[in-house]
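**Q** Sequence:
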Amino acid sequence: MTSNKAEINMLLDIHTTFSKLPVTFRELVSEECNWSIPTFYRKMRGRDKADPNNKGRIIPALSKAEKEAIIRKTQVVYQELTDFLEKYSTN
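With the working numbering applied, the sequence shown corresponds to residues 67 to 157, in that order.
Note that these hints are calculated values from the structure, not bench results.
The structure displayed is predicted, hence computed values, not measured ones.
A couple of the hints might just be wrong.
Each computed PhoX-like pair below joins lysine-lysine, with the alpha-carbon atoms no more than 25 Å apart [stated by the list, open to error]:
| id | residue 1 | residue 2 |
| --- | --- | --- |
| 1 | Lys109 | Lys139 |
| 2 | Lys153 | Lys139 |
| 3 | Lys121 | Lys86 |
| 4 | Lys130 | Lys109 |
| 5 | Lys133 | Lys153 |
| 6 | Lys86 | Lys115 |
| 7 | Lys133 | Lys115 |
| 8 | Lys121 | Lys109 |
| 9 | Lys109 | Lys153 |
| 10 | Lys139 | Lys86 |
| 11 | Lys130 | Lys115 |
The task is simple: from the sequences and hints, build the whole structure.
**A** Printed below as a string of structure tokens:
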């Protein structure tokens, strides 16, 4: 890609970046949580469920550590997107 803003197709550039976001997010979270791709999608579909051995107790789909890792990686992706979009800012 060229550094000259006039030569960059802004719509294509932004669309391409947005299209890559889900994969980037999945890779970062999977690496942080030491998950395979199938585990990522299994965890994404998971729901909290009742513990069959302890009445009234819930087994969470995601641990507290996993939730914290997901938030951290979401913030990383969000910041990278914000930094990317700065080049199109009119400020």
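**Q** Lys86 and Lys115: Cα distance at most 25 Å?
**A** Answer violated: Lys86 to Lys115 is near 33 Å, above 25 Å.
**Q** Below or equal to 25 Å on CA atoms is what counts here, so check Lys139 against Lys86.
**A** Judged against 25 Å, a Cα distance of about 15 Å means the pair holds.
**Q** Would you check the hint for Lys130 and Lys115, treating anything up to 25 Å between C-alpha atoms as holding?
**A** It holds: about 15 Å lies between the C-alpha atoms, which stays within 25 Å.
**Q** Does Lys153 sit within 25 Å of Lys109, going by the straight-line distance between their CA atoms?
**A** With a Cα-Cα distance of about 35 Å, the restraint between Lys109 and Lys153 is violated, given a limit of 25 Å.
**Q** Would the hint linking Lys133 and Lys153 be met if the CA-CA limit is 25 Å?
**A** Violated - the C-alpha atoms of Lys153 and Lys133 are around 31 Å apart, more than 25 Å.
**Q** Are Lys109 and Lys139 close enough, with their CA atoms no more than 25 Å apart?
**A** 16 Å, holds
**Q** Between the alpha carbons of Lys121 and Lys86, is the straight-line distance 25 Å or under?
**A** 43 Å, violated
**Q** Lys133 and Lys115: Cα distance at most 25 Å?
**A** 17 Å, holds
**Q** Between Lys153 and Lys139, is the straight-line Cα distance small enough, at 25 Å or below?
**A** 22 Å, holds
**Q** Taking 25 Å as the top limit, are the C-alpha atoms of Lys121 and Lys109 close enough?
**A** 23 Å, holds
**Q** Could you grab the alpha-carbon distance between Lys130 and Lys109 and see if it respects the 25 Å cut-off?
**A** Status holds; Cα separation ~13 Å.
Hint compliance for this structure: hints 3, 5, 6, 9 are broken, all remaining hints hold.
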